[in-house]
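Student: Sequence:
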Amino acid sequence: MKSNCLKMSYIALFAVILCIGAENATAQATYKRVGFNENIKIKGVIATRSADSLTMRDVSSADMYYVDLSPTTKVQTYKKVLRGGDQFPASYLLRGLRIQVTGTGNADGHIIAKQIDFDPEDLRTAQALQVSVDPVEAQAEANRKKIEENEARIAATEENAKRMAGQIDEAQAMAAAAQASADRANNRINGLGDYDTIKTIVVPFATGSAALGPKGKKIIDEARAWVKTQDTKGWMISVIGFADSTGNSAKNKTLSEKRANAVIGYLVTKYGLPLTRLVQPFGAGADMPVAENTTAAGRAQNRRVEIKLLLNKGIAGD
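Our numbering puts the sequence shown at residues 3 to 320.
Please note: incorrect hints may appear among the correct ones.
[Claimed, not checked] Derived lysine to aspartate or glutamate pairs resembling DMTMM-like cross-links, with alpha carbons at most 20 Å apart: (1) Lys217 with Glu123; (2) Lys272 with Asp198; (3) Lys82 with Glu40; (4) Lys147 with Asp198; (5) Lys235 with Asp88; (6) Lys116 with Asp198; (7) Lys43 with Asp60; (8) Lys255 with Glu123; (9) Lys260 with Asp198; (10) Lys116 with Glu160.
[Unchecked claim] For each label pair, taking beta carbons as the anchor points, the in silico distance ranges come out as: (11) Lys82 with Asn250: 22 to 32 Å; (12) Ala178 with Ala302: 49 to 59 Å; (13) Ala299 with Thr202: 18 to 28 Å; (14) Lys230 with Val83: 21 to 31 Å; (15) Lys82 with Ala227: 13 to 23 Å; (16) Gly274 with Pro216: 19 to 29 Å; (17) Lys82 with Asn145: 42 to 52 Å; (18) Thr32 with Glu224: 45 to 55 Å; (19) Gly210 with Thr32: 22 to 32 Å; (20) Lys43 with Thr202: 15 to 25 Å; (21) Gly274 with Lys43: 28 to 38 Å; (22) Lys81 with Gly215: 33 to 43 Å; (23) Glu161 with Ala299: 46 to 56 Å; (24) Val204 with Glu172: 22 to 32 Å.
Bear in mind the hints are in silico, worked out from the structure with no lab data behind them.
None of these values were measured; they are calculated from a predicted model.
Every residue gets a Cβ at the ideal spot worked out from N, C-alpha and C, and that includes glycine.
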């Protein structure tokens, strides 16, 4: 029990470090170009993810690389004795996952990934890390917004004082506008690894079941109809399964994963959702309940899958 608590503490600490590192990676790291048609095999850690690409940091240096994904990119665990590795969709490439990329350089200096290998234990660590990262990022975003609001109030107060004193002239106004434009540009660049949650869709499940029922399908269909009215440029989709506290931890973990996969299967088969749009397919078990498990109503709320529609702020811009 003590070792599990220590492990979760380390994961939470690493989650904070990952949030800070991902935010500063684009601004501070040196991105290394790969020669055109140059064959390369490199090990590193995923820093940021988007629909069809990722950035990774070389484990042996501070260099960063752009890695482009394609429908033919093979994602698998390292080969085992007498047999090959297990295949996975690209949606399992999570931030913080240690990987080995095999590919060739393109004209932009990016690596076109032919094959990406990873260790199953590293995947489990990255999945647990992702769950820890979400609340950390949410708090960081709330802090950023609060700072911006305070700065806006201070700026408004100073602006009014200057107007009352007659100290604002055309040159100062032009300088302020230029600085604001530069700040917006910098915020867009630094925001490539940050996501805003546009909408959260909660899909209910029956006790002990991973079958997607008519009510759940209706909720997804209604959400899909709404999505068709939106500009989805830069959107990603996160699917996380949950369970109530009935049963043991291992059973609930497996059940929540099956629920997440059932929702993903419905989105793919009915609506042709590209797997490259998916981020963090994960089963959280009975962790992170939204209601008390002491009542039937509370347990019903906890038997769910959360579909989060995420917007990559760096791609979408202002």
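Student: Each hint: holds or not?
Tutor: Hints and how they fare:
no.: 1; hint: Lys217 with Glu123; result: 36 Å, violated
no.: 2; hint: Lys272 with Asp198; result: 26 Å, violated
no.: 3; hint: Lys82 with Glu40; result: 28 Å, violated
no.: 4; hint: Lys147 with Asp198; result: 12 Å, holds
no.: 5; hint: Lys235 with Asp88; result: 32 Å, violated
no.: 6; hint: Lys116 with Asp198; result: 30 Å, violated
no.: 7; hint: Lys43 with Asp60; result: 11 Å, holds
no.: 8; hint: Lys255 with Glu123; result: 16 Å, holds
no.: 9; hint: Lys260 with Asp198; result: 26 Å, violated
no.: 10; hint: Lys116 with Glu160; result: 56 Å, violated
no.: 11; hint: Lys82 with Asn250: 22 to 32 Å; result: 29 Å, holds
no.: 12; hint: Ala178 with Ala302: 49 to 59 Å; result: 54 Å, holds
no.: 13; hint: Ala299 with Thr202: 18 to 28 Å; result: 20 Å, holds
no.: 14; hint: Lys230 with Val83: 21 to 31 Å; result: 49 Å, violated
no.: 15; hint: Lys82 with Ala227: 13 to 23 Å; result: 45 Å, violated
no.: 16; hint: Gly274 with Pro216: 19 to 29 Å; result: 21 Å, holds
no.: 17; hint: Lys82 with Asn145: 42 to 52 Å; result: 45 Å, holds
no.: 18; hint: Thr32 with Glu224: 45 to 55 Å; result: 47 Å, holds
no.: 19; hint: Gly210 with Thr32: 22 to 32 Å; result: 52 Å, violated
no.: 20; hint: Lys43 with Thr202: 15 to 25 Å; result: 39 Å, violated
no.: 21; hint: Gly274 with Lys43: 28 to 38 Å; result: 33 Å, holds
no.: 22; hint: Lys81 with Gly215: 33 to 43 Å; result: 40 Å, holds
no.: 23; hint: Glu161 with Ala299: 46 to 56 Å; result: 51 Å, holds
no.: 24; hint: Val204 with Glu172: 22 to 32 Å; result: 53 Å, violated
In terms of the numbered hints stated before, the structure departs from hints 1, 2, 3, 5, 6, 9, 10, 14, 15, 19, 20, 24, listed from lowest to highest.
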